[in-house]
Structures are given as C-alpha cells and as structure tokens.
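Trainee: Numbering (numbering that gives the first Met the number 0), first residue to last: 0 to 157.
Think of the hints as simulated: they come from the structure by calculation, not from any bench.
This structure is a prediction, so every number in the text was calculated from the model and none was measured.
Hints are not guaranteed to be accurate.
[Claimed, not checked] Label pairs and their in silico Cβ distance ranges:
no.: 1; residue 1: Leu93; residue 2: Arg33; range: 21 to 27 Å
no.: 2; residue 1: Glu119; residue 2: Thr143; range: 16 to 22 Å
no.: 3; residue 1: Val116; residue 2: His16; range: 17 to 23 Å
no.: 4; residue 1: Lys146; residue 2: Gly17; range: 22 to 28 Å
no.: 5; residue 1: Glu142; residue 2: Asp29; range: 19 to 25 Å
no.: 6; residue 1: Glu92; residue 2: Ala49; range: 29 to 35 Å
Glycine included, C-beta positions come from ideal geometry on N, C-alpha and C.
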Amino acid sequence: MTVERLKPRTVLVVDDHGPLRALCRSGLEDAGFRVLEARDGDEALATVHAEHPDAILLDIMMPGLSGWEVTSALLADRSTDHIPIIFISARRELSDRIRAFELGAHAYLTKPFDPAVLAETVATVLGQIERGERDAALAETLETLRKEEIRTPKPSPS
0 MTVERLKPRT VLVVDDHGPL RALCRSGLED AGFRVLEARD GDEALATVHA EHPDAILLDI
60 MMPGLSGWEV TSALLADRST DHIPIIFISA RRELSDRIRA FELGAHAYLT KPFDPAVLAE
120 TVATVLGQIE RGERDAALAE TLETLRKEEI RTPKPSPS
C-alpha cells in the first residue's frame with residue numbers, strides 16, 4: 000500500500016442547503032472521509048480545481064449553475080473528467096435518474112437519505128473505480144432504468 004492510499008479520500012459536497020451539507024459531512028467524516036463543501040456550482044468548480052477531490056456529491060437544483068451544468072463542465076475538462084459524481088437530489092423522476100447516468104454520474108441518491116448509506120455509496124463508487132468496474136456497473140444501471148421507464152406508464156395530462 001502506498002503512502003498516497005493512506006491519506007483519507009476527499010469528497011466535495013455541493014448543495015445550497017447548509018443543513019444538508021452538514022448531514023453529509025457528519026456521515027462522511029464518521030466513515031473516514033475528508034470533506035469539502037461548496038454552496039453552488041461556481042464555488043464547486045473553483046473548489047474542484049483547487050483541491051482535486053476524489054469524489055463529488057452534487058445537488059441538481061441550485062442557484063446559478065445547476066448540477067447538470069456543473070457535471071457538463073467537469074466532464075469537458077480533461078483535468079476533472081475522471082472525478083466520480085454522485086447526484087444527491089430531491090428530484091425523484093425516473094427521467095432525472097436516466098439523465099444523470101447518461102451525463103456520466105456514478106450514482107444517484109434521492110433526499111432524504113441516511114448518512115451511512117451516503118458514505119457506503121461513496122465507498123462503493125470509489126472501490127468500483129479502483130477495481131475498474133465502473134463502466135460495467137454504469138451500463139447495467141442504465142439498462143435497468145431504461146427498462147423501468149418503458150414499463151412505467153406516463154401519467155395522462157389532466
């Protein structure tokens with residue numbers, strides 16, 4: 000094991016709601032992660048470039064840049080396109096989950112969530128990347144979501 004692997008993994012939590020950032024921080028620090036915080040998309044991009052986190056927890060609906068826009072910016076930059084993104088959102092629509100994975104997200108958690116589940120999700124995503132399993136897991140998740148979308152009838156407009 001190298002000295003690099005002995006350092007705690009760093010996770011950037013991006014959400015405009017302070018209490019949610021604190022909840023994420025608590026769960027992640029309890030699991031041994033180092034935690035950084037950003038209140039919006041612009042602050043997130045600046046923090047990513049300054050701190051180079053190992054993973055990003057990203058809200059979708061924020062003032063300024065949305066989580067979608069932040070993700071697109073990160074994936075368009077060769078210096079940040081490798082950082083795993085885990086969406087944390089109140090949006091529960093299947094179409095949002097599909098969009099997240101199509102954009103390149105590694106996981107999608109809906110609020111509210113258990114901080115222990117959040118920490119386990121981050122650990123799992125980072126472990127998959129280390130073992131080179133990310134692409135197969137993403138393909139399987141997308142296939143499952145698309146099948147669910149096909150089976151789920153669309154509500155008729157009232």
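Trainee: Using the C-beta atoms of glutamate 142 and aspartate 29, is the stated range 19 to 25 Å upheld?
Mentor: Given a distance of about 34 Å, which is not inside 19 to 25 Å, the answer is violated.
Trainee: Regarding glutamate 119 and threonine 143, is the given constraint of 16 to 22 Å on their beta-carbon distance met?
Mentor: 19 Å, holds
Trainee: Is it true that glutamate 92 and alanine 49 lie within 29 to 35 Å of each other by Cβ?
Mentor: 33 Å, holds
Trainee: Per the hint of 17 to 23 Å, is the separation of the Cβ atoms of valine 116 and histidine 16 within bounds?
Mentor: 18 Å, holds
Trainee: Is 21 to 27 Å a correct range for the gap between the Cβ atoms of leucine 93 and arginine 33?
Mentor: 33 Å, violated
Trainee: Within 22 to 28 Å: is that where the Cβ-Cβ distance between lysine 146 and glycine 17 falls?
Mentor: Because 38 Å falls outside the window, the suggested range is violated.
Hint compliance for this structure: hints 1, 4, 5 are broken, all remaining hints hold.
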